[in-house]
Amino acid sequence: MPTTALRRTQRPGKDDNLSTAPDPHTSATRYKVTGIRVLRSEWAKFWSLRSSWITLGVAVFLLVLFGAIASFTYSADATAGGGPAPGGGSGDSDAVSLALTGVTFASLAVGVLGVLLAAGEYGTGMIRSTLAAVPRRLPVLWSKAAVIGPIVLVLTVIGALAAFQLGTPGLDGEKIALSLGDDGVLRSLAGAGVYLSLVAVFGVALGMLIRSSAGAIAVLVGTLLILPGLASLLPDSLYDTMNPYFPSNAGSAVYALNQSSDALSPGAGIAVFAGWVALTLAGAAYRLRKSDA
Amino acid sequence: MIEARELTKRYGDKTVVDNLSFTVKPGEVTGFLGPNGAGKSTTMRMIVGLDSPTKGSVTVAGRSYAKHAAPLHEIGTLLEAKSVHPGRSAFNHLMALAHTHGIPRRRVDEVIELAGLTSVAGKRVGAFSLGMGQRLGIATALLGDPAIVMLDEPVNGLDPEGVLWVRNLLRSLADEGRAVMLSSHLMSETALIADHLVIIGRGRLLADTTVDDFTQEAGGGGIRVATAEAMKLRSLLAGPDVTITSSSNEELLVSGRDAREIGAIAARNGIALHELTPQSVSLEAAFMDLTRDVVEYQSAPADTERKAA
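Just so you know, the sequences run in chain order P and C. Mapping the first sequence onto the working numbering, position 91 (from 1) lands on 91, and the numbers just tick up by one. Mapping the second sequence onto the working numbering, position 227 (from 1) lands on 227, and the numbers just tick up by one.
Think of the hints as simulated: they come from the structure by calculation, not from any bench.
To give an idea of the interface, some chain P residues facing chain C are shown, with a C-beta separation under 7 Å as derived from the structure:
(1) Lys45
(2) Thr124
(3) Gly125
(4) Met126
(5) Arg128
Note that CB positions come from ideal geometry on N, CA and C, so glycine has one too.
With these hints in hand, go ahead and build the complete structure from the sequences.
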């Protein structure tokens with residue numbers, strides 16, 4: 001048959017018929033895109049950039065440094081003068097909140113890390129190579145989130161533990177001193193890690209959504225730091241209802257040892273903050289899928 | 001095999017690619033030509049699904065690019081050379097892409113060697129020269145051992161040795177039965193590599209032809225014949241596909257017959273010729289002729305500024 005003869009000159013399986021069976025040549029060479037492989041690729045991408053190491057290092061360093069310093073410079077008199085009795089509200093010092101003083105700074109660092117992982121691809125043009133290799137696109141977003149989340153979780157939990165342990169001698173003899181075995185201490189320290197890993201994923205989502213590092217970092221800082229302040233301009237009743245649900249407030253409920261009366265419980269805090277992250281991820285997924293790269 | 005059917009891309013009210021249909025066949029090098037801004041890169045981006053067409057469709061081996069299980073094995077692309085994170089080494093860049101398909105490290109080393117990047121594979125891509133960036137882009141395109149290789153301006157920034165390397169590489173890829181598509185705005189360069197030409201301007205198809213046909217037509221400036229017996233020769237040369245014009249009574253411009261034929265006819269009839277010259281038009285001139293009306297960024301003639309001053 002002339003058609004078979006013609007096809008033989010082409011590569012096997014290079015059939016131009018629209019209704020062909022699976023290509024024999026792809027199964028022969030076993031090259032195939034799978035979710036696990038995309039994850040592996042994103043893992044390799046993450047660690048092969050110096051900026052990942054630096055930003056991650058800075059995050060953990062800030063976490064440990066600020067926590068330790070806060071514990072060592074704590075003086076009971078200073079707080080006793082102004083604030084209400086310990087254990088009352090979120091504004092009070094306890095050994096855990098002192099150890100986690102650095103969380104805000106670390107959250108900016110890991111957020112930026114997430115943004116760079118995503119928007120950095122757009123800034124450099126790498127995204128064209130990435131999406132040409134994974135034209136279904138969405139696995140790239142999930143993989144970035146799945147790579148950065150656990151990495152940040154593990155390292156910041158270690159960082160939080162280190163900050164607490166390093167700070168313990170500084171609080172020696174103080175009323176607020178706690179040990180790792182005390183109620184809620186481990187939960188709070190781990191909660192800080194959970195919060196920071198969600199912030200990193202939030203950064204990835206923002207980076208994919210906005211596609212510019214500068215823009216995404218601005219939105220990140222705005223959401224985490226400026227939004228709660230701006231919201232205080234709202235009428236009091238509205239502010240009181242909404243305040244605990246802002247991303248950073250919901251997030252801080254995750255790692256607070258003592259819940260203030262108006263804050264969410266740690267579980268609810270995780271749920272609300274994760275909700276914000278999921279919403280942003282959904283937006284990022286939509287844009288990634290729908291618009292030209 | 002790439003098949004574009006009525007491919008159209010609009011950004012707002014600007015139509016960048018306009019109802020473009022063409023085919024890139026296996027075993028051939030297809031030159032994709034057009035002046036700057038003709039829509040070449042946009043078309044290539046649509047082929048690999050980076051941009052979605054406003055209208056029409058393009059398939060790679062019969063399906064849209066995203067539907068392939070191993071896209072890099074179907075078509076390897078070099079878009080702009082800077083589709084790389086400058087902070088990553090060439091090796092890590094290739095390895096990251098290889099991971100997505102389960103391509104072994106052995107293959108990564110292979111394409112690095114093929115592209116002549118072995119000595120710089122560990123260096124950050126940001127420190128690469130334009131030519132090295134192009135080589136990395138070509139290595140990336142070949143990574144998945146693709147059936148189609150599509151390169152956007154591959155010889156940009158390459159030194160003469162590199163240009164020759166690309167030329168031989170593309171030829172051997174086509175000879176292996178792969179489809180090769182390369183874009184360029186240089187006709188003369190493309191004619192040396194390509195078998196087939198797809199020429200576009202302002203997003204529209206201007207010509208879909210072979211290099212041989214294009215060359216022939218470009219050479220179809222006719223043949224100038226000078227003889228004292230122009231009138232007599234004119235009637236002897238006349239034929240169905242022959243057009244003859246004359247600018248003076250001793251000169252003819254003949255198209256439709258080649259020099260050998262004309263000389264033979266003249267000799268047979270005892271007509272002495274003073275001149276028998278094929279009027280060659282350079283490929284570049286023929287290309288510019290074809291695209292003159294559709295050049296996006298037309299430069300003013302060089303003398304206008306002087307007149308104004």
